[in-house]
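Residue numbers (the numbering used here), protein chains in the order written: chain A, 16 to 119; chain B, 16 to 119; chain C, 16 to 119.
Take the hints with a grain of salt, since some may be wrong.
What the hints assert, rightly or not - If we take Cβ atoms under 10 Å as the criterion, some of the chain A residues that face chain C in the derived model are:
(1) 50
(2) 64
(3) 95
(4) 97
Stated by the list, open to error - The list that follows gives simulated cross-link-like pairs (lysine-lysine, DSSO-like), each with its CA atoms no further than 30 Å apart:
(5) 115/A with 42/A
(6) 87/B with 61/C
(7) 115/B with 80/C
Treat the hints as calculated values from the structure; they're not laboratory data.
Since the model is a prediction, treat every value here as computed from it, not as a measurement.
Heads up, the beta-carbon is just placed ideally off N, CA and C, and yes, glycines get one too.
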Amino acid sequence: MEAIFVYTTFPDWESARKVVRELLERKLVVCANMREHEAMYWWEGKIEEGREIGVILKTEVSKWKDLREALKELHPYTVPIIARIDLDKLNREYSEWMAKVLFG
Amino acid sequence: MEAIFVYTTFPDWESARKVVRELLERKLVVCANMREHEAMYWWEGKIEEGREIGVILKTEVSKWKDLREALKELHPYTVPIIARIDLDKLNREYSEWMAKVLFG
Amino acid sequence: MEAIFVYTTFPDWESARKVVRELLERKLVVCANMREHEAMYWWEGKIEEGREIGVILKTEVSKWKDLREALKELHPYTVPIIARIDLDKLNREYSEWMAKVLFG
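Working from the sequences, and respecting the hints, build out all of it.
Encoded structure:
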């Protein structure tokens, strides 16, 4: 079990919850943590600001490609961020629970 | 000095603050950043939702095993997440301050 | 393109927004995600608490040294945290957009 976090952002709570539920139903992730933030970024030559929902998705590395493709398919943004961070260590209890949910 | 972030989640502010204070007093971490999020996850065959407190703990890698065991001992969840992310770089000023707090 | 996240914290929204805008104008980062948290930490022999703004900065690894130095120059804290986490994977669309913003 190699566990990963995948970070992505949504324009609002409605789209965040809808996409996360779909990822859970497809067993591509075991859990998501979602909270609002303020974003500042370059867009078409200007610095823009806005509220977003930032989401940490928790899963196993073998789900990565399917998860990335599902996010591209479901995501409301043209250019979403889909950033993978591999965990260096994870406690055995959570790791075993994750395996049971994802692989039955 | 190899610095690490350890991510965990609590059911409420009271338990988060209580456990974090204990970890600080035992000099297992130098700092914690805590904020609320909405969690969606599989639990006993159903997709559940709820508010949680997500916590980033900052420490040095030699504290990892003691920190993990302390979290298991103190944590209100049966299956908490205790996820370690090793920092790739950290500015020298913060690294030196961290060493002074943890190792005197 | 090797993408990185850099995590730092500010004492208030005003300083966070001001410094982030400057980093964007200098093309040291493409995007920042900012949200409030509660911090607990050791400071001069005591455990302190307070509200802060935690910021994830998104950029390319070749910007790291300039970004770190700019943060030291602009940061209101004497000892800020400037923590770099290298992404293990990033979707091609975001990576290409990031390169276009940073390198024209």
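We went through each hint and held it up to the structure:
no.	hint	result
1	50	holds, 6 Å
2	64	holds, 8 Å
3	95	holds, 7 Å
4	97	holds, 4 Å
5	115/A with 42/A	holds, 11 Å
6	87/B with 61/C	holds, 25 Å
7	115/B with 80/C	holds, 25 Å
Checked against the numbered hints above, the structure violates none of them.
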